[in-house]
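Engineer: The chain contents come next:
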Amino acid sequence: MPDVAVAEAAKTAVASLDKNLLVSLTMGFGAFVPAFSIGWIGTKAMEAIGRNPEAANRIQTPMVLSIAFAEAIAIYSLVIALIIKFV
Amino acid sequence: MEGIETPPLASETIAHIGSFEVRNTLIMAWLAMLVIFAVAYFTRRTKYREIPGRFQSFIELIVESLYNFFDTVIGDRKQTRMVFPLIATIFIFLMLANWMGILPGVGSITILGEHGGKMLNLPIFRSMNADVNMTLAIALISVISTQLFGIAVLGVFPYAGKFFVAPWRDPIGSFVGILELIAEMAKIISFSFRLFGNIFAGEVLLTVVAFLVPYVAPIPFLGLEIFVGFIQALVFALLTAVFLKMAMTGHGGHEHA
Chain A
9 MPDVAVAEAA KTAVASLDKN LLVSLTMGFG AFVPAFSIGW IGTKAMEAIG
59 RNPEAANRIQ TPMVLSIAFA EAIAIYSLVI ALIIKFV
Chain B
627 MEGIETPPLA SETIAHIGSF EVRNTLIMAW LAMLVIFAVA YFTRRTKYRE
677 IPGRFQSFIE LIVESLYNFF DTVIGDRKQT RMVFPLIATI FIFLMLANWM
727 GILPGVGSIT ILGEHGGKML NLPIFRSMNA DVNMTLAIAL ISVISTQLFG
777 IAVLGVFPYA GKFFVAPWRD PIGSFVGILE LIAEMAKIIS FSFRLFGNIF
827 AGEVLLTVVA FLVPYVAPIP FLGLEIFVGF IQALVFALLT AVFLKMAMTG
877 HGGHEHA
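Top to bottom, those sequences are chains A and B. Count along the first sequence starting at 1, add 8, and that's the number in my numbering. Count along the second sequence starting at 1, add 626, and that's the number in my numbering.
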């Protein structure tokens, strides 16, 4: 029954297309707000350094910390995407 | 893109010691520990002279700059002295492991073995933090030692009093205490997944880029991986230091860093 084989091949192709689409949408949407917030943190840090260049080192350390916190959210969404894709 | 064999989420078992599975990330961890032991052995052999030679002054440079850096975060010199071994070890161990994960040979030297029911070529070495077991272990060490240091400095009841506030005396405080308790659990997950996600994603990225354009193009991505490995180790140690400082601060001296 060649029809059945073709139909099954088409079904798995569509299923993998759905799954891949979901994986990419998960990662894409999950990266919107963290990217924006990292930019915001960087902007505020740049402004503060520009206003007071001597305090650059004291501003840099909390900035790196905050950026790591914000990036962690994007990493959570990446982990979910990986789990959907591989498990 | 069916042809790309991306590294699997779980680490692969290379050998067995009895019923204990030895995984490729574990082998990498042993190698990183070997490097640290070798450096420690050679440092001890210098006998810490008053006028240091080249190697001793290099090690002193690393230790002193790390100490001053964490001191700016923690503030109190005595407290830094107390927690420095933990956070400096976390930093050096993680940075070493992350950088060793991009050396040539990691991921490419393979052995035929079984994974997920199929016989595949399994790499003998794999970046240590690409295994959730490892990052979870270090995250647990970090969070549990934060609690222990807090109890050591403040005492059991004052420290527990931060989380368990009597609801009849201070209702909002008791709710905040419950939230703080949940935040401690969230810290474990946050620590482990931040490090795991960064390093595993870097692995997959390098594999995919090497598959697409094998020559020249992987170079900036390797540079990115060097940077990310350093930053993630630094962030892990820095966050541990900040949480340690917050744990060792009593209820009176509340400075939100």
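Don't read these hints as lab results, they were simulated from the structure. A hint or two may mislead.
To be verified - Calculated lysine to any residue pairs in the SDA-like style (CA-CA distance at most 20 Å, straight line):
no., chain 1, residue 1, chain 2, residue 2
1, A, Lys27, B, Lys788
2, B, Lys813, A, Ser74
3, B, Lys788, B, Val802
4, B, Lys813, A, Trp48
5, A, Lys93, B, Lys813
6, B, Lys788, B, Ala812
7, A, Lys93, B, Ala827
8, A, Lys27, B, Leu635
9, B, Lys813, B, Leu848
10, B, Lys813, A, Ile81
11, B, Lys813, A, Ile88
12, B, Lys813, A, Ala80
13, B, Lys704, B, Ile630
14, B, Lys813, A, Lys27
15, A, Lys93, B, Val830
16, B, Lys813, A, Pro70
What the hints assert, rightly or not - Label-pair ranges, simulated between beta-carbon atoms:
no., chain 1, residue 1, chain 2, residue 2, range
17, B, Val834, A, Lys52, 21 to 27 Å
18, B, Gly731, A, Thr69, 33 to 39 Å
19, B, Phe681, A, Val72, 29 to 35 Å
20, A, Ala17, B, Leu692, 23 to 29 Å
21, B, Met811, A, Phe40, 25 to 31 Å
22, B, Val648, A, Ala13, 40 to 46 Å
As the list claims (entries may be wrong) - Incomplete in silico selection of chain A near chain B, CB under 7 Å:
no., residue
23, Phe40
24, Leu73
25, Ala80
26, Ile83
27, Leu86
28, Val87
29, Ala89
30, Phe94
This one's a predicted model, so the numbers in the text were calculated from it and none came from an experiment. Even glycine gets a Cβ: it sits at the ideal position worked out from N, Cα and C.
Engineer: Against each hint, give a clear statement of whether it holds in the structure.
Structural biologist: Results of checking the hints against the structure:
1. A:Lys27 <-> B:Lys788: With Cα atoms ~45 Å apart, A:Lys27 and B:Lys788 exceed 20 Å; violated.
2. B:Lys813 <-> A:Ser74: holds (14 Å)
3. B:Lys788 <-> B:Val802: Holds, because 9 Å separates the two Cα atoms, which is no more than 20 Å.
4. B:Lys813 <-> A:Trp48: violated (23 Å)
5. A:Lys93 <-> B:Lys813: violated (26 Å)
6. B:Lys788 <-> B:Ala812: holds (17 Å)
7. A:Lys93 <-> B:Ala827: holds (13 Å)
8. A:Lys27 <-> B:Leu635: Given that 20 Å is the threshold and the Cα spacing comes to 17 Å, the pair holds.
9. B:Lys813 <-> B:Leu848: violated (29 Å)
10. B:Lys813 <-> A:Ile81: Holds, at about 13 Å.
11. B:Lys813 <-> A:Ile88: holds (18 Å)
12. B:Lys813 <-> A:Ala80: holds (11 Å)
13. B:Lys704 <-> B:Ile630: Not OK: B:Lys704 and B:Ile630 at ~52 Å, beyond 20 Å, violated.
14. B:Lys813 <-> A:Lys27: violated (30 Å)
15. A:Lys93 <-> B:Val830: Roughly 13 Å between the alpha carbons, so the hint for A:Lys93 and B:Val830 holds.
16. B:Lys813 <-> A:Pro70: Holds - the C-alpha atoms of A:Pro70 and B:Lys813 are around 18 Å apart, at most 20 Å.
17. B:Val834 <-> A:Lys52: 21 to 27 Å: Violated, since B:Val834 and A:Lys52 (Cβ atoms, about 34 Å apart) do not stay within the stated range.
18. B:Gly731 <-> A:Thr69: 33 to 39 Å: Holds, at about 35 Å.
19. B:Phe681 <-> A:Val72: 29 to 35 Å: holds (30 Å)
20. A:Ala17 <-> B:Leu692: 23 to 29 Å: violated (58 Å)
21. B:Met811 <-> A:Phe40: 25 to 31 Å: Once the Cβ atoms are compared, 27 Å apart, the range 25 to 31 Å for A:Phe40 and B:Met811 holds.
22. B:Val648 <-> A:Ala13: 40 to 46 Å: Distance hint for B:Val648, A:Ala13 holds at roughly 43 Å.
23. Phe40: violated (17 Å)
24. Leu73: holds (6 Å)
25. Ala80: Since chain B brings a Cβ to about 4 Å from A:Ala80, closer than 7 Å, the hint holds.
26. Ile83: holds (3 Å)
27. Leu86: holds (5 Å)
28. Val87: Holds: closest Cβ of chain B sits about 5 Å from A:Val87, inside 7 Å.
29. Ala89: violated (10 Å)
30. Phe94: Constraint on A:Phe94 satisfied, holds at 5 Å.
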